[in-house]
Amino acid sequence: MNKKSSSMNKKSSSKNEKSGTLNQKNGTVIGWNREQMARRAALDIPDGAYVNLGIGIPEKVAQYVPEGREVIYHTENGLLGMGIAPEPGQEDPELINAGKKAVTVIPGASFFHHADSFAMIRGQHIDICVLGAMQVSACGDLANWSTGAADAIPAVGGAMDLVAGVKTIFVITQHCTKNGDSKLVESCSYPLTGQAVVSRIYTDLAVLDVTPEGFRVLELAPGISMEYVRDRTEGNLIDGRLANVVGA
Amino acid sequence: MIDKQVGSAAAAVADIFDGATVMVGGFGEAGSPIELIHALIDRGVKNLTVVNNNTGSGHVGLAALIENKQVGKMICSFPRTANSTVFPDLYRAGEIELELVPQGTLAERIRAGGAGVPAFYTATSVGTPLAEGKELRNFEGRDYVLEHGLKADFALIKCERADRYGNLVYNKTARNFGPIMAMAAETTIAQTGLQLEVGAIDPEVIVTPGIFVDRIVTVTEPAQESRLVAAGRSYP
Chain A
1 MNKKSSSMNK KSSSKNEKSG TLNQKNGTVI GWNREQMARR AALDIPDGAY VNLGIGIPEK
61 VAQYVPEGRE VIYHTENGLL GMGIAPEPGQ EDPELINAGK KAVTVIPGAS FFHHADSFAM
121 IRGQHIDICV LGAMQVSACG DLANWSTGAA DAIPAVGGAM DLVAGVKTIF VITQHCTKNG
181 DSKLVESCSY PLTGQAVVSR IYTDLAVLDV TPEGFRVLEL APGISMEYVR DRTEGNLIDG
241 RLANVVGA
Chain B
1001 MIDKQVGSAA AAVADIFDGA TVMVGGFGEA GSPIELIHAL IDRGVKNLTV VNNNTGSGHV
1061 GLAALIENKQ VGKMICSFPR TANSTVFPDL YRAGEIELEL VPQGTLAERI RAGGAGVPAF
1121 YTATSVGTPL AEGKELRNFE GRDYVLEHGL KADFALIKCE RADRYGNLVY NKTARNFGPI
1181 MAMAAETTIA QTGLQLEVGA IDPEVIVTPG IFVDRIVTVT EPAQESRLVA AGRSYP
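In order, the protein sequences belong to chains A and B.
If you read the first sequence in this note's numbering, its first letter stands for residue 1, the second for the next number, and so on.
If you read the second sequence in this note's numbering, its first letter stands for residue 1001, the second for the next number, and so on.
Don't read these hints as lab results, they were simulated from the structure.
Just so you know, not all the hints are guaranteed correct.
Stated by the list, open to error - Here are some of the chain A residues that sit facing chain B, going by a computed Cβ distance under 10 Å: (1) N77; (2) Q90; (3) D92; (4) L95; (5) K100; (6) F112; (7) H125; (8) D127; (9) M134; (10) D151.
Unchecked claim - Quick look at which bits of chain A chain B covers, simulated, 3 or more residues with Cβ under 8 Å: (11) 172-185; (12) 217-227.
The C-beta atom is built at its ideal place from N, Cα and C for all residues, glycine as well.
Using the sequences and the hints, build the whole thing.
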């Protein structure tokens, strides 16, 4: 599905190409853009995985899974084997994904009711879930459903089920908010979605693992230094790149 | 003779009473029993507790039921949707109550309610505001929160095919909450696009066995919520 599904995201790609991190000194954009973040995360989706992709940048991961890997996408409203978006005019209002967008099915897909769908999630049958984040803490706590603002309409959907039940949780997010605050924090200030649930984080600046010692940098985006990431991260940051090379 | 067919949506919902708990199938518009909801609006009963994943969109279907001030409380996981203003406005005005439930917990509470399971433990929401005040228990080194099964007086659901026994087959992702709500309600009312003879549905493909269904209404060409919303329609 890799090639075809690029059409699914064509609309937003021009905008996304600009959305790396703005270097405030000279006004240029540095780090990975949204497409590159999705592509980097896709490299870590193994052949044969059952995967649930959150709404937003995570949805883009499907189009970048390397050729030759067979990956089955789950959407929690009740479909295993989700395919690409349909051609315009071919949408079926009763064939949608969790974001309520029209989708298609691949050969071998199956439909099921909501309790079965969440049994797949809560019963630890789904291998990987890729989600967005408002904040991730150094111990892997995730906040991604509410700012806790008094006038907000609280809405949680399946996020708490996914983080509690899926075996491995990947997060894709900008490293900092638009205001420049780090989203990688010592402790989340927003209401939690789950405690100690995140394994790996893909930001515009780096790929980081959550470890008992803190955020461990596995890889830096081109042109990004450890110092640059350290300045934009709350919580302990470890350079895991050398160990990574030695271990390889 | 068993014949669960009812002549009209109005007749099917005629005994839904003030203060009833009503489960309404659908995830967004997929599986939303819009004709049954509109019949409930015509009926005018008040102070309903409604269980649905969302709160409808535009000014038709579930959103219209809420806008008509017939719902005192919503139990749902995601009360915001594109084109959804009715619930948010009433909620901010303090005119409607909300019980926010994680989506999988909502589904499992409904399933448990229908299966005679009064409560169960789940890891979902542990350590979050949605677990506050709930009993925690540790099993094999992990904390779980106690959640209660959910039952209803009525369920309104939508299917693609049915027979007079109440055996149901759904359409694609419109299945969503239909099968579990059918199990959890005292009286389950299903609208079907197609009414078939008993025996015409292969027993291997029946999704909801007729024992869970009380009334069937045939709506051969159900309205499509998103089209009504796009056309700016409202109900009544």
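Original post:
Should the interface hint for K100 (chain A) be scored as holding, given a Cβ-Cβ cut-off of 10 Å against chain B?
Top reply: Cβ of K100 (chain A) sits 4 Å from chain B, so the hint holds.
Subject >> Minimum beta-carbon distance criterion (10 Å), L95 (chain A) to chain B >> reply: Hint on L95 (chain A): holds, closest Cβ of chain B at ~4 Å, below 10 Å.
Original post:
Are N77 (chain A) and chain B close enough, Cβ to Cβ, to be under 10 Å, as the hint says?
Top reply: Status holds, d = 5 Å.
**OP:** Have a go at the Q90 (chain A) hint: is there a Cβ in chain B nearer than 10 Å to its own Cβ?
**Re:** violated (13 Å)
Subject >> Agreement of hint H125 (chain A) with chain B interface, Cβ distance less than 10 Å >> reply: violated (13 Å)
**OP:** Identify whether the interface hint at M134 (chain A) stands, where standing means a beta carbon of chain B within less than 10 Å of its own.
**Re:** Interface hint status for M134 (chain A): violated (13 Å vs cutoff 10 Å).
Subject >> Status of the hint placing D92 (chain A) at chain B (closest C-beta pair under 10 Å) >> reply: holds (7 Å)
**OP:** Have a go at the D151 (chain A) hint: is there a Cβ in chain B nearer than 10 Å to its own Cβ?
**Re:** holds (7 Å)
Original post:
With a cut-off of 8 Å between beta carbons, are at least three residues of the stretch 172-185 of chain A near chain B?
Top reply: violated (count 0)
Original post:
Within the stretch 217-227 of chain A, is the number of residues with a Cβ closer than 8 Å to a Cβ of chain B three or more?
Top reply: Violated, because only 0 residues of the stretch 217-227 of chain A bring their Cβ atoms closer than 8 Å to Cβ atoms of chain B.
**OP:** Using Cβ atoms only, decide whether F112 (chain A) comes closer than 10 Å to chain B, and label the hint accordingly.
**Re:** holds (7 Å)
Original post:
With a cut-off of 10 Å, does the beta carbon of D127 (chain A) approach a beta carbon of chain B closely enough for the hint to hold?
Top reply: Violated: closest Cβ of chain B sits about 17 Å from D127 (chain A), beyond 10 Å.
Comparing the model with each earlier hint shows violations of hints 2, 7, 8, 9, 11, 12; every other hint is respected.
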